[in-house]
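Undergrad: Relying on the hints, combine the two individually framed chains into one complex.
Quick mapping for you: the protein sequence lines, in order, are chains L and D.
Numbers 1 to 391, taken from the numbering used here, label the letters of the first sequence in order.
Numbers 392 to 531, taken from the numbering used here, label the letters of the second sequence in order.
Calculated directly from the structure, the hints in this document are not laboratory data.
Idealized CB from N, CA, C, for every residue including glycine.
Each hint should be verified, as a subset may be incorrect.
Output of the computed footprint for chain D on chain L, the stretches with three or more beta carbons under 8 Å from beta carbons of chain D [claimed, not checked]: (1) 120-129; (2) 147-153; (3) 199-213; (4) 244-254.
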Amino acid sequence: MQKARAAAVGIGEVPSGRFPERSEIEAAVLACRAAILDAGMSPRDIDVVMPVGALASRHFNVDLVFSRLCEELGMLRSARMNVQVMAGGATSASMLAVAEGLVASGLARNVLCVHSDAVGSLPKQTGIDLFSTTGVSEEWEAPYGHNMNAVGALASNRYMHETGTTDEEMAALCVSLRKWAELNPNAMFRTPLTVEEVMASKMVATPLRAKHCNMLADGAAAFIIARAEDAPHITSTPVYVRGHGSLVTHYTTSQDTDLGKLGYEQAAAQTYEKAGIGPKDIQIAELYDAYPVFAMIALDGLKLCRGERAGAFVAAGETSPGGSMPMTTNGGMLSQGHTAVGGGIAVLVEAFRQLMGKAGARQVPNLVNAVETASGGTWMDSHVTVLSKDH
Amino acid sequence: MSNAPRPLPHPTHWSAGYWQAAAERRFVVQECRDCDRPIMYPKRVCPYCLGERLSWRASAGKGEIYAVTTQLAGPPTGFADRLPYVLAVIRLDEGVQLMSNIVGDGALEARIGDRVCVDFEPAGDMVLPVFRLEKAGATQ
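So here's chain D without its partners, still in its complex pose (with noise of 0.2 Å):
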């Protein structure tokens, strides 16, 4: 089970764009060019007004943490390996939200309302956008 694949994203036409960017390490939110909405995760529409003119802005990265968990056992395949490792819901500044693991100094008592900042991880032959910690090992 530990020698398992971990799973890696399978871009769509129109989700590329933001694994591109992960892989030259810029971190891109989606917008819609007609109604100037930041969209997360990417769609093939506008889900506020079914535009189709979507495109890519350029984002800091940065957020809070909005919910967060430490998993330490009974992880799906491919993620043995990678015990203990820290999810979370992230709430990106633009007002979008979306998971992905804390990782660097302090990520395992990482807590609600934390600033986070986005750092790049391969994975495979894919770059995954994940979060560190403004302040790694302060207090709040």
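Extracted from the complex, chain L is given alone in its bound form (with noise of 0.2 Å):
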């Protein structure tokens, strides 16, 4: 068992959704701004600051990777390194596991990690557009009219072959979702959704109907990483990193040799044996969705359905408010909002908050540990991180 050498001591957001008033760098500002002072830090107390990489504009990521947050957030002469992380939607993890890895060696005392990005007000045609180049190659499958919507069908296909789950199940878990954004005052879409209207949406892409779909969102969220010893000396509720695991599967869709499965029990696997933690000692699970299946293959292969079926276990309401294994209390991508590379930054920041007992109306009681997830791309990768109170 691995004993945490690194913990979030602070986070911030900034709500998802629609605003073409407010620009990256405003949001990205702000986020920041959230996370030091949630850390009871200085700007100058930061001394790596690492920005995801931004989809919407290429002007923007360029400011990011040119240290511009280190100019606006007051941190000049004090930061030693502004360095760009991206892994697509798998960065959440893959950046933890950067930051945990420059705390743990002292190359870092405190790495502030942070997101932002507009895709949500570039009009409709451009998002489907960018969405249809980010793993998919240019050469082999965008010729034949692939894109994510495809991606996420193809692997809801796929999964629903291999398991049995049925349309209204992964119409459930959409709901389940949505339950919890309604608690979330950053989400983007907050008003009841029923399985009924799921399935009465605009078919999309074979299984997958309009409302099983991701709607592009504007949005930024921030979190600090320090070192596990110092963190009880900042904040009173640090989250310890127990474990990660991760596995790559493919880049194009079409070579991944299990497109129902993915790497995510290879992943837990590894991170369940690091972190000493199991799948009976999780209380939440903070699972990327981006498309139900997704959310789907993780709850199968993180084992957290006490041996019943994901499809069966999410029906019967046991991911939603009130269940026994609350998931993704963010409402994802599915109902906060697909803010690009954010909707995971997104995820793993609920993990955070939900621990830190700060996520107000939908904070689940009595946590120790949570699961998180990601993936990045078209779904490329699994990444298992176990998070914990406890050292």
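TA: Okay, structure coming up:
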């Protein structure tokens, strides 16, 4: 069992949705400000800034790479390094692992991780075309009309074939996420949703209907990672990183030889062994979605359903508020909004928030351990991280 | 939007043989002459042994559907006129996988496990390998 070497000591977030008047830099600055204040720090306590890759604006991303946040937030001549980390939707877990390595090795003391993007304010077709290039091969797949909804559709088709999961059960996962989002003031969609409404929505790419698909959103979130031994001196609510496992399974959708499972079983086994914490010890699951199938695959692969099939477990309400395994309690990308790479960052920040006891109306009581997942591109990789209030 | 051109492949010098074969209505799979394994998609070096002695093996272009979806709405630019179209991951009898369209009779009813066979479809100045159901209309 691995002793925690790093901890989250502060979080910040701005609401997700369509905010054409709020620039990416403004959202980034506000999310960072909130995280620094949450940690009780000054900007000059941060020695490494890690901005995530932004997709909507090349100019904004170049600003992130070239230390604009250090200038905006008063870190000039105190920050030692500004370095972009980018693994698409898997950046949450990947950058946490990088930050953990930096603080554990002594190369950094306090790492500020931040995401901001404005893909929600892009014209609709621009958004579709943007996400038809993220993990879609220009030579081998784009000429056939491949796109992000088709990725979710192909994985759903394979997963449902292998497990017998029904359309209604997939819809039930969307409903579970919406019930959490109703309690989240930062979520894009907060009105109640029913299985019948999902099933009545327009078919987009079989078996996915419009309400099985996420909506692009503008958003920003930030968190600060410190050394585990420093964390209790910084904050009364540190969240320790107890274990991480991951596996890369493809670049293009067509090259995954186990599309109905991805790499979650292998990643979970690595994580549970490192953490000395297993599925029975976990009280909350913050699982990366974007489409319902990917949270279903993770529920199965992480063995969080007490021997039940994920679809039946979700349809029985076990992942909803009041259920035995609260899941993706910010509403996920399906209800909080798909902020590009930030969809995963928001899920990770929600895991920290719940373990910090700062989740307001949706706070799950008596938490000790949480599990978080992430995946990038066309679900090219499967990441599993166990977080804990215990050192 | 509906007049925008469909994106076409831009072959590399190591994939040109695949597209040239398709233009001649032949289907080929790249193979490594050092370790004898089939490779999809075509690569600059063998991903199994890093060998550079790569060549093309004639293939019957037969296999089965591993995953399939019919796109009905929200297509990328260049595909609005083609709706509905069928995207599939196909596992060839050689053991390698690729993405393509299922076209022709019964395509909209294509299911996992259905046997498919390669066909060829002109697209701009290229020819794309596509797949047809082997027993179009037959229930399995």
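Undergrad: I'd like to know which numbered hints this structure contradicts. Please list them from smallest to largest.
TA: none
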